[in-house]
Structures are given as C-alpha cells and as structure tokens.
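Chains as they are written, first to last, in our numbering: chain A, 1224 to 1422; chain B, 1224 to 1422.
Any given hint could be a false lead.
Identical chains share a label here; the pair holds if one copy fits it or two copies do between them.
[As the list claims (entries may be wrong)] SDA-like cross-link-like pairs, simulated, lysine to any residue; straight-line CA separation at most 25 Å:
(1) K1242 - D1226
(2) K1282 - G1309
(3) K1247 - H1344
(4) K1282 - G1330
(5) K1295 - H1321
(6) K1320 - G1381
(7) K1282 - R1239
(8) K1242 - H1332
(9) K1387 - H1411
(10) K1295 - F1373
(11) K1320 - R1369
Hints listed in this document are in silico derivations from the structure and should not be mistaken for laboratory results.
Please read all numbers here as calculations on a predicted model, not as lab measurements.
2 protein chains.
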Amino acid sequence: MSDLITIPARRGKAYRVAKGETIKVINTHGDQVIDTWAFNADDLHEFMSMEHSRAHILKIVPAVGDTMRTNKRRPILTFVEDTSGGVHDTIIAACDKHRYSFLGHEGYHDNCEDNLHAAMHDIGLEAPETPSPLNLFMNIPVQPDRSLSFEAPVSTPGCYVRLKAEMDLIIAFSACPQDILPINGVGHMPTEAHFTIES
Amino acid sequence: MSDLITIPARRGKAYRVAKGETIKVINTHGDQVIDTWAFNADDLHEFMSMEHSRAHILKIVPAVGDTMRTNKRRPILTFVEDTSGGVHDTIIAACDKHRYSFLGHEGYHDNCEDNLHAAMHDIGLEAPETPSPLNLFMNIPVQPDRSLSFEAPVSTPGCYVRLKAEMDLIIAFSACPQDILPINGVGHMPTEAHFTIES
C-alpha cells in the first residue's frame, strides 16, 4: 500500500495507477466532495464517462459491484467497497470559473475544472478535455418529478470508497472548492482529503 | 419558415441556425428518438452540455421555459413548446459502434455518434468530440432507488418540440438507429423525422 497521498483543500491531484491496483479515496474530514476523473494511461482521449457508464450500470449512482466505463465503453473503475453511505453524483458538471461568476463571485475562484488540468500538468500530462466527473460523496437527490437539488453530503469523517483499476490509468481528483452552495456541508469550508494505492 | 427538412431514418442531419430562430423538431411517425446536439457556430468547442444544463435548470429532463447551456454555461437552446408529453432524456450517451458490439451485433451498425460526425462533415464542419446528447423523445425513467431503464417513447405521430436558438449555432440531429432495444418503440423500426426553422 502506498503512503497516504493528500488532495489539498481546494486543489487537485493526479496519479498513475496500474491495472489491478485499488484506489482508496478517504473523506478525511467527512463532508468533502471529491470530483474524480480517470483516463486511459495509454490514450488520454479515452476516459471514464458518466453518460456511457449509466447506460451499462442502469443506475444514476454507482454502488459496490458496479463498473464504470470509458467513452469507448471499456471497463475502467469498479466500486469494490463504500463506507460512505453510497451517496455520490454522476449528473452534475465540474465547477468552473463560469459557475462562480454565475453565483455572483467576483474575480478568480478556485474550481474543479482548473484543478483537473493543473493536477494533470503536475505529472507532465495534458487532459484533452474536462469530462463530466464522478462526484464522490456529492449529494444531488433526484425527486420523482425529475427535479434535483444541491444538498450537504451524508458521508462521515474517515469514510472511504475503494475503486479497482480495470486498466492502466491516470486518476485525477479535485477537492471541490465550492464554498457558496452547501455541497461540502452546511457552514463547512472545503477541506483536504486523502487517498492510497493498494496493490 | 423553412421547408420541411428530413432527418433520414438511421441517419443524421446538421443545419446552421441564427440566434433568435426557432427549430421545430417533429416526431413524424411518433416513436423515433432524435439525438440532438448544438454547437456555437463561431467556436465548435463550445456546445450544449447536459451536465452543465442540469446544474442550472435543476432537473434531469428539461421542460418548456428551460434553457439549455453550453460547456461555458452560456444559454444556447430554450424549450418554447412541447407537444410530445415531455419525456426526453439527458443522461444516456449517444449510441456508438461499441454499443452495438456490446449488444451482440456483428459487423457495422449505424449509430448516432457516427451520424453526428457525418452530418457535420456534410456541411463542411468537424465536431471536435461527441458531447452527451439531448435525446428528444427518449424515455429513460429514473426510479426512486436511482435505477433506470430503456423504455418505448410516449410521444405520438406529428408531435413536436420547439427550441429557440440563443446564439448562432449548428444544430445536429440523429434519427437513432437503435433496433435491438425498444427505445424507438416496441417492435418498431427506426424511422425518418423532420424539422423546420422558423424565423
């Protein structure tokens, strides 16, 4: 098992993972949303796709046993354990500079889109686009009338998700810097989180 | 109003639309799913995004009065009328060659992804990627347990959706060639559909 790797508060982190290894994503302080991407290590234009995964798992939120797929419909990550309560999101875009302008913020605001690209750059890579992310621990309930809302996480300190790599891949995380909506907990500021790689 | 323009069965069609014009998409035979994309005419890298739109309309299915947004969160298409029953989909990827292999089809099968790119090519353009489509008339119910299924449309012959262009854009349609799952009606084969442009 690797050392504990930090996803700094409001920042991103990318890491190379070999096929068969498992990534344990820890919600250290309990109510931090972690935007998550995975790219084929041999072809960054192939990446985990929410819209393709949903067509195969036949759910809008993956659970233990479900395998996420790429935009070429190949398996890329499998949920093997989840102690968080199972509330995650696949339907909302990564926050970006436009999002914070729309919410009334003036000037630059940290955001998950820029965090993804900075994290990839930090390991010498360039993400070809910003795929729709797997938003771990993010609570977007969908009502029977098909409306949705942004709610605080149900996850608790130290809870985690374990994801098995189904191919050699680059995993990228962003500790979501959203501090206007209560998506990282009511009254809570964005915090750091951690992950380990288990072989 | 333009003449009636055909989206041939199992094929795509792209068309230039000016800001302020309205696109009337007609489900001529009643149960044909129409995958729909919209690209900023001045920058094809900006396009209608399901994951960004959902964050703003706060629904998984848009209704009359809702405005779809681009991956830069700018308004691009507004639903101004809908006589179809209001059942559409924003959460499932366009079908592609991989989808039909997965479903057991041998050899080439027409698919919405290739139809998008062929339709853009026909008007001298190249789509930079395959965005997650707005699947008009597609019936993907989401249950309270967050599961989903592929069902036949509820739309009827001649029903239509009217979409107002909020910028100069390229609209692209694919008359979905899915003939393995009942997404285009139980026992029904893919059919043509039509659209008009109203100034």
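Are any of the numbered hints broken by this structure? If so, which, sorted upward? Violated hints: 4, 6, 7, 8, 9, 11; rest satisfied.
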